[in-house]
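Asker: Following the hints, put chain B in place on chain A, whose structure we already have.
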Amino acid sequence: MTATVAYRSQRVAYGYFALALVLFALQVVVGLWIALQYVVTVPQAVVDVFPFSTARAMHTNLLVLWLLLGFMGATFYLVPEEAERELEWPRLAVVQLVVLAATGVTALVGFFFGWTQGRPLLEIPTSLDFVVVACALLFLANVGTTLVRARRWNAVQGTLLGGLVFLAGMYLFGMPFYRNLAVDWYYWWWVIHLWVEGAWELITAAIAAFLLIKLTGVERKVAERWLYVQLGLFLFTGIAGTGHHYYWLGAPKAWLWVGGVFSALEPFPILLMLWDTWRSAKAHQAAFRPRLTWVYVVGMAVLHFVGAGLFGFAHTLPQVNYYTHGSQVTVSHGHLAFYGAYVLLNLSFFYYAMPRLEGLPGGRYQERAGHWGFWLTSLGVVGMSLAFAVAGVLQTYLERVRGEPYMVAQQPMRFWMAVVFLHGLVVLAGVVTTVVHLLTLKPERVAAGVPAGVPAVRAAGSA
Amino acid sequence: MSDGLAKAIFWIGTLASLAVFLAMTVHTHRSFDALTHADALDERVVAGKRAFERHNCNDCHTILGFGAYYAPDLTRAYARLGEDAVRRRLESPETVFADSYRKMPQQHLAKGEIEDLVAFLRWVSGIDNHDWPPQDSPNRWKRSTERLLANASLSPAAALVRQENCLECHALGGAGGEQGPRFEWIGGRRDAEWVARYLADPGSVSKGSRMPAYPNLSEGQRLMIGEFVVSLAADRRAP
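As given, the protein sequences belong to chains A and B, one line each in that order.
Using the numbering used here, the letters of the first sequence correspond one by one to residues 31 to 493.
Using the numbering used here, the letters of the second sequence correspond one by one to residues 188 to 426.
The shape of chain B in the complex, shown without the other chains:
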């Protein structure tokens, strides 16, 4: 091989790759606004991002899959947990994770900071990133929504969920509110008995919970709702 050929390989290889990279960078910048819903990116969200960095959240959690791997990914945390649960984790991690084998530091966040962080996570959860992460993908929810719709006339538990307006605060499939955790998420962590006890008196099971109690339901009804919610856990088919 001649010197000239070696140098040509170097320059052609480098410049070709650089050209592709820079062209893609321009293309990416043109697409960012639409893909990240930049119109919803207000000062509150930016303040939340600053708080996120100030408290070094990203060196335990991943977000968009980047960061440290010590704690759950936050890309869809808002959609998965709901606003109330996000807030409680930020306010008093020491009580929320009292039984967990892994703890989150109590950072004594100001009220405003918590609201900023919630706004930030809400905005992040709307980023169109080709349906990542898979565990929070809407593709998983649809099956359980179908199950709910199919069983509504047969399942007394589903009827109870409707009667008590649970979806006012909780999400299920593509429907529901954003105050409480999404139904599909609960069943992976809790059993029916736990949910039944929670329904009787949320505050005694999880300190600081803002969910109302349901003493109007019988113990049997609460257990039915528990079994129903647990059955919705995303993709728990036997392997």
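Pulled out of the complex, with its shape left as it was, chain A reads as follows:
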């Protein structure tokens, strides 16, 4: 195949994307099994061998692994174009992918045999942590050297590199053993919160700015100015906003104020981003081709705002959080926010980069299945999050307000977990459609008389 990408070394990204997609599908399959365990009684013999905890560790670690692989692939794709230079060590990028994949498989198999650090989302055993850190260092060295040698600094590169260093640095706080449980959770959030509302926001903002510049041809200066303002607001609310996790862990009461005030402001930068995306998506409609790109970019902005902004705000104030903390309300927010903010960002980038890596002219492809994939997955995740929310409100009222015992309160929630499961099936159908579509992109059919490069479905799609 002949790639239409400008730099040969960009092609290392394809392997990252492909592996990420397979892991995404696997994550959803495990998720269905998890939801089912809330609905039916799993016999003791099965629970003894494959408990809920093991499946949950797999579900969350698969998520983190595939999103990070997506970010790394996107970085390898866009750095050569931004730096106007080949990657410093393309082979190293391939080695790093193989090592990361092996680490991931080892960790997943290890969970089955109880090999775990036993801390949610950071279950990977310490010895594997060191492999991950080594990979991160190789990755940063590779990207950093490429950018430094190119000497063509701009805001997109700076933000991306800053976000990646920030991400790797925060990972270190999750590695030591903490004697005090409260201190443990204090620094656990330095990894989790400062990733999703700090480092990952920097990375996604850089990737999104790159996409916007490439697709719409908007003047780089304008895009970069926006990037600075948005990131300033994201980090202003996000860093001290970590406090909304510190209300009930044995930390001083002042966190109720700091966490409450800063995190109440968190929806604003997301709203600004939604407005900005909508504006450029309207102004440059013709630039987002194939139309699926437009669907993804707008869908990402909307669901990012709903999932992270609105669903997050709903239970971020201490007065509300006292009753909702650690209930299915959190789960509802978590699913929609991760999907809207990070899953859709990754998929948007895959849909931009993969056709180009496969050498499809103009990055065009037959897009029908892709639309099915987007809508099935998105409607499935939205429906699932609403069902989680109903279960969460029930739990909050019955267990926290009325004071009924945990298992008594869980009983009426089972119906809503069944609704979650059914939506999970829709999500699985959507994800499989998307994954298969992305891995088997076909050049668009050229109708008689229509010159190559003009999409056949365009007229219907943009109506």
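Source of the hints: derived by calculation from the structure; they are not laboratory data.
Heads up, a few of these hints could be off.
[Claimed, not checked] The calculated BS3-like cross-link candidates involving lysine-lysine, where the alpha carbons are at most 27 Å apart (straight line), are:
(1) Lys-244/A / Lys-194/B
(2) Lys-251/A / Lys-194/B
(3) Lys-312/A / Lys-251/A
(4) Lys-394/B / Lys-298/B
(5) Lys-244/A / Lys-312/A
Answerer: For chain B alone, coordinates are given in the frame of chain A:
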């Protein structure tokens, strides 16, 4: 907007938030010892935390509200269940949860591990975290304690509870022992008949229970105690 203004927004926003965050981190570290009773954090508690992580307890249970939501929060499990019930859940979950629609895995814990976990949960239950979770808040217990004190002279069941020294092992409001489950917790899950049967012969109702039997009481007395205990369930006012 000029480039300079955009950059200023970025740096001022980021650094201001970072400054607040780091100052609060220092403040938090200065407060942790007192709020978490660090003087009681001995090697046994640390060993319990290691066991807690080794068996991945946190990917089913929440603790301090963090973790997975598949099983009850453990922040106040020790205060709610009492030592004996915690131990039995760790030793033989397959019998304790035989009738439950959700199971806990049998992890074949060593005797020492169980004691470590009990010590860990005891320490966690003492963390001062602004009275979370609400369902285990002492604010709920006080009402039932008042009820007990108010009824003691009138209610024969309350008198029986005193006569048999139930509070030697069970907690009620701010008083009582930590061996058995707290009285307020029982009524949410069990009815009076169940409690009466349990009093007659605990071992036949729940295998491995360490509670003594009360054959000295009449069937009617046992049922009265049952009705009394069930009436103490936290906050069961009609909505």
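Asker: Would you mind marking each hint as holding or not holding in the structure?
Answerer: Okay, the hints, checked on the actual structure:
no. : hint                  : in the structure
1   : Lys-244/A / Lys-194/B : 23 Å, holds
2   : Lys-251/A / Lys-194/B : 12 Å, holds
3   : Lys-312/A / Lys-251/A : 20 Å, holds
4   : Lys-394/B / Lys-298/B : 18 Å, holds
5   : Lys-244/A / Lys-312/A : 16 Å, holds
Checked against the numbered hints above, the structure breaks none of them.
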